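There are 2 protein chains.
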Amino acid sequence: MQRLTQFVSVAACIAVTAAIALPVAAQFSKPEDAVKYRQAAFTVLSNHMGRINTQLKSSTPNVQFIQTSAGVVEAMSKLPWDAFGHGTEFVTNTKALPALFKNDAKVKELSEKMQEEAVKLNTIAKTGDTKAVRTQFGVLAKACDNCHDDFRAK
Amino acid sequence: MQRLTQFVSVAACIAVTAAIALPVAAQFSKPEDAVKYRQAAFTVLSNHMGRINTQLKSSTPNVQFIQTSAGVVEAMSKLPWDAFGHGTEFVTNTKALPALFKNDAKVKELSEKMQEEAVKLNTIAKTGDTKAVRTQFGVLAKACDNCHDDFRAK
Numbered sequence: 001m002q003r004l005t006q007f008v009s010v011a012a013c014i015a016v017t018a019a020i021a022l023p024v025a026a027q028f029s030k031p032e033d034a035v036k037y038r039q040a041a042f043t044v045l046s047n048h049m050g051r052i053n054t055q056l057k058s059s060t061p062n063v064q065f066i067q068t069s070a071g072v073v074e075a076m077s078k079l080p081w082d083a084f085g086h087g088t089e090f091v092t093n094t095k096a097l098p099a100l101f102k103n104d105a106k107v108k109e110l111s112e113k114m115q116e117e118a119v120k121l122n123t124i125a126k127t128g129d130t131k132a133v134r135t136q137f138g139v140l141a142k143a144c145d146n147c148h149d150d151f152r153a154k
Numbered sequence: 001m002q003r004l005t006q007f008v009s010v011a012a013c014i015a016v017t018a019a020i021a022l023p024v025a026a027q028f029s030k031p032e033d034a035v036k037y038r039q040a041a042f043t044v045l046s047n048h049m050g051r052i053n054t055q056l057k058s059s060t061p062n063v064q065f066i067q068t069s070a071g072v073v074e075a076m077s078k079l080p081w082d083a084f085g086h087g088t089e090f091v092t093n094t095k096a097l098p099a100l101f102k103n104d105a106k107v108k109e110l111s112e113k114m115q116e117e118a119v120k121l122n123t124i125a126k127t128g129d130t131k132a133v134r135t136q137f138g139v140l141a142k143a144c145d146n147c148h149d150d151f152r153a154k
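Just so you know, the protein sequences line up as chains A and B, in that order. Residue 36 in the numbering used here sits at position 36 of the first sequence; the count goes up by one each step and never skips. Residue 132 in the numbering used here sits at position 132 of the second sequence; the count goes up by one each step and never skips.
In short, the hints are calculated from the structure, not lab data. This structure is a prediction, so every number in the text was calculated from the model and none was measured. Be aware that one or more of the hints could be misleading.
Note that the list lumps identical chains together, so a pair holds whenever it fits in one copy or between two copies.
To be verified - Derived DSSO-like pairs: lysine-lysine, alpha-carbon spacing no greater than 27 Å straight-line:
hint, residue 1, residue 2
1, 57, 30
2, 154, 126
3, 126, 78
4, 142, 113
5, 95, 154
6, 142, 102
7, 154, 106
8, 95, 126
9, 108, 142
10, 106, 57
11, 120, 131
12, 154, 30
13, 95, 131
14, 106, 131
15, 120, 106
16, 30, 126
17, 102, 57
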């Protein structure tokens, strides 16, 4: 996760990161904003996974709808990760478990894997091969679950 | 706004739209989900408008950050509109004013204009011309405000 963030000014970044980790990525003015942002990205992502799933369950899946949503899924898959910065573990009203903030390497690995699978889904969707989309959709859903299993409250 | 929705099966669509408007776009299981979705899309959009603004205020704007966020802004600009379906005007905890649901044509016009300006921003961002980005950012912000002024609670 890109905790040491994109939007700190260079000077501020040098000043702070030499000694301590930033409390929360600087594109968020406070931890609550980061939580709201990551939840928003997941809300959109989840909705479009659902839309794809609806099509895949249909006897006449609409390839264009799948393609549109696969594009949104790929775009969303990149966004939430730098909103899990330190400080956000103290925000209530989130399903993120304390373990998430103690396992940076594992979470990074899982999030990168998930992003890879989302890219693949979008690439496959563009071919219009619904059967291949179905397979990759399952792979991506599993990649999501791999993180949810350990790091998200039921 | 695409109220008559992408994800209704054709049969259901024909059966229902002949007589009445769908209560809410069928990619949402209930109006509250539609409101949550559109708010999520606006949250992500707003955050990335903020990120671009931060760069534009900087004496050393990071073109790559602007480009990344402009891509997200364009993607998000397309999403919220079919989540303003009929039925969602009765959901509380939203800033959408009653007038929004009584002015379909105007809202459609404003939302399409906003999307056009978001596409332009992303196109200009790709050129790396920060001055041109600043101008178009202002145009897009105005296009957002044009809807907020009449249809969003302060």
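**OP:** Quick one: which hint numbers does this structure break? Sort them smallest to largest.
**Re:** 2, 8, 10, 13, 14, 16 and 17
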